[in-house]
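A.B. asks: Just so you know, UniProt numbering puts 132 at position 132 of the sequence shown, and the rest follows in order with no gaps.
Everything labelled a hint here was simulated from the structure, so no lab data went into it. Just so we're clear, the structure is a prediction, and the values are computed from it rather than from any experiment. Take the hints with a grain of salt, since some may be wrong.
Think about it this way: if two alpha-carbon atoms lie no more than 16 angstroms apart in a straight line, the pair counts; the simulated EDC-like pairs of lysine to aspartate or glutamate are [said to hold, decoys possible]:
| no. | residue 1 | residue 2 |
| --- | --- | --- |
| 1 | Lys273 | Glu183 |
| 2 | Lys234 | Glu261 |
| 3 | Lys234 | Asp258 |
| 4 | Lys248 | Asp283 |
| 5 | Lys273 | Glu218 |
| 6 | Lys249 | Glu218 |
| 7 | Lys248 | Glu218 |
Cβ-Cβ distance ranges computed for the label pairs, FRET-style [stated by the list, open to error]:
| no. | residue 1 | residue 2 | range |
| --- | --- | --- | --- |
| 8 | His120 | Gln206 | 36 to 44 angstroms |
| 9 | Gln203 | Ala21 | 23 to 31 angstroms |
| 10 | Ala21 | Ser151 | 33 to 41 angstroms |
Ideal Cβ placement from N, Cα and C applies to all residues, glycine included.
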Amino acid sequence: MDDLRQGLRLDLAKLRDGVDAMIDSILRNPTAFAWLKELKRRDNYSYQHAMGCAIWSASFGRHLGLERYEIRNLALGGLLCDIGMTQVPLELLARQGPLASEEAEMIRRHVQHGLDLVVHNPELPPGLAEMVATHHERHDGSGYPNGLRGSEIPIFGRIMGLVDSYDAMTCLRPYARGRSPHEAVAELYQQRGTLFQAELVEQFIQSCGIYPTGSLVELSNGQVGVVTEVHSLKRLRPRVMLLLDVDKKPLAKFREIDLGEIEHEGEPLTVHKGLPPGAYGIDPSELFLD
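Work out the full structure, taking the sequences as your base and the hints as a guide.
C.D. replies: Written out as structure tokens, the structure reads:
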């Protein structure tokens, strides 16, 4: 992104190598790679959002059973879908208040800027320009730039729009607070059949779980922890790293438990609710930083 802002050429060979390494990591251990998104969360928004879209789209593609080359192309689309933002003034991207109509239009033009950057590049895989062009189109025709609806939007564009929205909701943006993964999943569920194809939303939720990796949660016994792994067959009962006791005081030693195997007073120990970022002063990404 910084290279493009400075007028330098996009190094696609380097980008493709990075995507290949990322796909290998996801296929070997999707949970570990989901943590990469959390570890990068404190960097600048454009970078973290591009990485987040690549990670979630690749993980979703894996869940959908796509071929490896399709997952690779989807991840590359995640990295580049908002590449047009490099042509939008930084002061506009950092604006905290509401945008004037002409300023909002400048933001929307990032789609065309992105197309201009990728459409004539022979090194990019087929379909990538379509992802850039359609990731802000919406199932009900309310999106932009062309107001496409339903099957008029290519399938990878539909996937990218869903992933782009989810990751944006869970990031800390200059103009909006970051939502918890649980809140973002709940909002996507409310938008199924309107903004997003219902079947894709349901599959995405199955892919990442109601409480995705990195979610801060309160358990049914009052303890607080962070989700470290989501089970494919027990998505409501993930593995959790315990951080706070029932009185919301820090534990002397963090302990990881598997909710699929733990009971409390004869009853299954479950997630009571998801917590927003920063609840009780906890930033999950800091747990894995020096």
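A.B. asks: Against each hint, give a clear statement of whether it holds in the structure.
C.D. replies: Do the hints match the structure? See the list:
no. : hint                                : verdict
1   : Lys273 / Glu183                     : holds, 10 angstroms
2   : Lys234 / Glu261                     : holds, 10 angstroms
3   : Lys234 / Asp258                     : holds, 10 angstroms
4   : Lys248 / Asp283                     : holds, 15 angstroms
5   : Lys273 / Glu218                     : holds, 5 angstroms
6   : Lys249 / Glu218                     : holds, 13 angstroms
7   : Lys248 / Glu218                     : holds, 10 angstroms
8   : His120 / Gln206: 36 to 44 angstroms : holds, 38 angstroms
9   : Gln203 / Ala21: 23 to 31 angstroms  : holds, 26 angstroms
10  : Ala21 / Ser151: 33 to 41 angstroms  : holds, 34 angstroms
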